[in-house]
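> Given next are the chains, with one letter for each unit.
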Amino acid sequence: MSDNQKYYAGVDIGSAFIKAVLVSHKQIMVSRIVASGGNYKETARRVLDEALSKAGVSLEELSGIVVTGIGAESAPFRARQVSDVSCQAVGCRSLFPSARMVIDIGGQFTKAAKLTPKGRIANFLMSEKCATGSGRFLQVIARILRINIEDIGPLSVKSQMPVEFSTNCAVFAESETVSRIAEGAKMEDILAGVHRAMAAKVAMLVKGLQMEPDVVLTGGGGEDAGLVLAVSEALGVKVLVPEQPRLTAAMGAACLAEEEKP
Amino acid sequence: MPFAGIDIGSTMTKVVIVDSDGIIVSSVIGPTGAEHRHLALEVMDEAIKKAGLAFEQLDFIVSTGYGRINVPFNDKQITEITCHSRSIRELFPSARILIDIGGQDSKGIKLDSDGKVVNFVMNDKCAAGTGRFLEVIAEALGIELTQMGDLSLKAKKYVKISNTCTVFAEHEVTTRLTEGSTIPEIVAGLHEAFAARVVNMVRSLGIEKDVVVTGGGAKNIGLVKAIEDKVGFPVLVPPEPLLTGALGAALLGRDFVARGVTPERERRLEGVTFFK
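Which chain is which? The protein sequence lines are A and B, in order. Residue 0 is where the first sequence starts when you use numbering that gives the first Met the number 0, and the numbers rise one by one after that. Residue 0 is where the second sequence starts when you use numbering that gives the first Met the number 0, and the numbers rise one by one after that.
The hints are simulated quantities; they were obtained by calculation from the structure and are not laboratory data. Every value quoted in this text rests on a predicted model; they were computed, and no experiment measured them. Please note that the accuracy of each hint is not assured.
Distance condition first, Cα-Cα at most 25 Å in a straight line; then the derived BS3-like pairs of lysine-lysine [what the hints assert, rightly or not]:
{"no.": "1", "chain 1": "A", "residue 1": "K200", "chain 2": "B", "residue 2": "K124"}
{"no.": "2", "chain 1": "B", "residue 1": "K229", "chain 2": "A", "residue 2": "K128"}
{"no.": "3", "chain 1": "B", "residue 1": "K159", "chain 2": "B", "residue 2": "K218"}
{"no.": "4", "chain 1": "B", "residue 1": "K115", "chain 2": "B", "residue 2": "K208"}
{"no.": "5", "chain 1": "B", "residue 1": "K124", "chain 2": "A", "residue 2": "K206"}
{"no.": "6", "chain 1": "A", "residue 1": "K128", "chain 2": "B", "residue 2": "K75"}
{"no.": "7", "chain 1": "A", "residue 1": "K206", "chain 2": "A", "residue 2": "K185"}
{"no.": "8", "chain 1": "B", "residue 1": "K115", "chain 2": "A", "residue 2": "K128"}
Sample of chain A residues at the chain B side, in silico, Cβ under 7 Å [claimed, not checked]:
{"no.": "9", "residue": "C129"}
{"no.": "10", "residue": "A130"}
{"no.": "11", "residue": "R142"}
{"no.": "12", "residue": "T166"}
{"no.": "13", "residue": "C168"}
Just so you know, even glycine gets a beta-carbon here, dropped at the ideal spot from N, CA and C.
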């Protein structure tokens, strides 16, 4: 670490993954993503330690930390807490200055935020009541199809004839999937059908906020090419996806830590 | 003169045969399964045999339930709302609200003082508030669906289940278990959450005495008690709550014959070997 280089950390404690990002001059220097597990405190400490040692910096040498995410309360280090919606907005705007909407599809929740032209949060909606609007839906279906989550996207985009589920309920879709497989439906068509059901739910959130392009899609959902395609189709615009869509909130948190200190 | 009603639900197929006085002469409950037509015939055949009849002797056959179009040998198809209300009018003339909790849907039906349907609400879009909710969670808890009622009565308090979604509630339940809650407390909590959802849906109809609960859900004593807690007074449950749809269908067949209504179509039995 050079003498004048200052590092700022952002830690995002999510329900499925904990992410840590170190930035300097708002550029990501190092990042770590680890499955949250049952003990947020322990995992959060480990994720930050690993990021720090990768950068060759000690905790004391950090110039600032901001923590965010559903588990922000369990941060094992002293840090300012900022809501994940705010961090997500900051992270997305630093990558896409034209962003006016941010959709975050996480393991448990889907959130949509509308930004003002200056990047402030104008309004925000969240889907937390129903598994259809979250990564859980894909986990449920992937379990039946016996495939890995990473394989879902590449398979889904191959679909020519997406299956249409009679309801968007993840539980009913699960049993419908079983009967569709028995009827000979292709795996890619089932997955594309699930993506469409999820996209319909996402579109409902976005509609509630009145869509304004550009739209950025973050979270684990952003890594799923099939879901990105389905959301783009449902919204009628091509959504933008960061290179590392799971890191935007942590990155925004780190940028906020940097802004705070001169 | 015998009349038959067949109700193909999402999980169970039910047949009721009544005589010219509307008295039940036989009834059979079988699983629905993937092959509706085949099972419909199997269950119908059993009911006919139990009644000591032959298929040709049935004066009218009405099919109902979500699989009602898959009965090739019926004389008429009627929605389950109409069928349920027909039998409830017979069983409980004082009923104003009927709550039917099926395997994959739940319904609320409002009846006027003549037993006619005034309004209804239905949920078949979301597994919460349907039999599937309890089925999924019974599996997660490693208990039988049929045990849930008795189990929940053992609980002195219930665990609040905050998630509506079945998928999330399944996860919540396993978390509560690891935190030390007992299975009876959790099951009682599930019934409370279930009852809250169903009663909230029915509230839009205006809840009035008497309330009747039917369907598989009515066989769960814990769920029935939770519904009573929510509506604030005792509810009525038929002796065999799974049969109200099929009974209503049979009674409607009897009404049709009395009014001189002729079958809508010809009974098709081709390819059917059961009755030969």
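> None of the hints should be skipped; say for each whether it holds.
Hint check:
| no. | hint | result |
| --- | --- | --- |
| 1 | A:K200 x B:K124 | holds, 13 Å |
| 2 | B:K229 x A:K128 | holds, 22 Å |
| 3 | B:K159 x B:K218 | holds, 23 Å |
| 4 | B:K115 x B:K208 | holds, 15 Å |
| 5 | B:K124 x A:K206 | holds, 21 Å |
| 6 | A:K128 x B:K75 | violated, 41 Å |
| 7 | A:K206 x A:K185 | violated, 31 Å |
| 8 | B:K115 x A:K128 | violated, 36 Å |
| 9 | C129 | holds, 5 Å |
| 10 | A130 | holds, 4 Å |
| 11 | R142 | violated, 11 Å |
| 12 | T166 | holds, 5 Å |
| 13 | C168 | holds, 5 Å |
The structure fails hints 6, 7, 8 and 11 (numbered hints given earlier, in ascending order).
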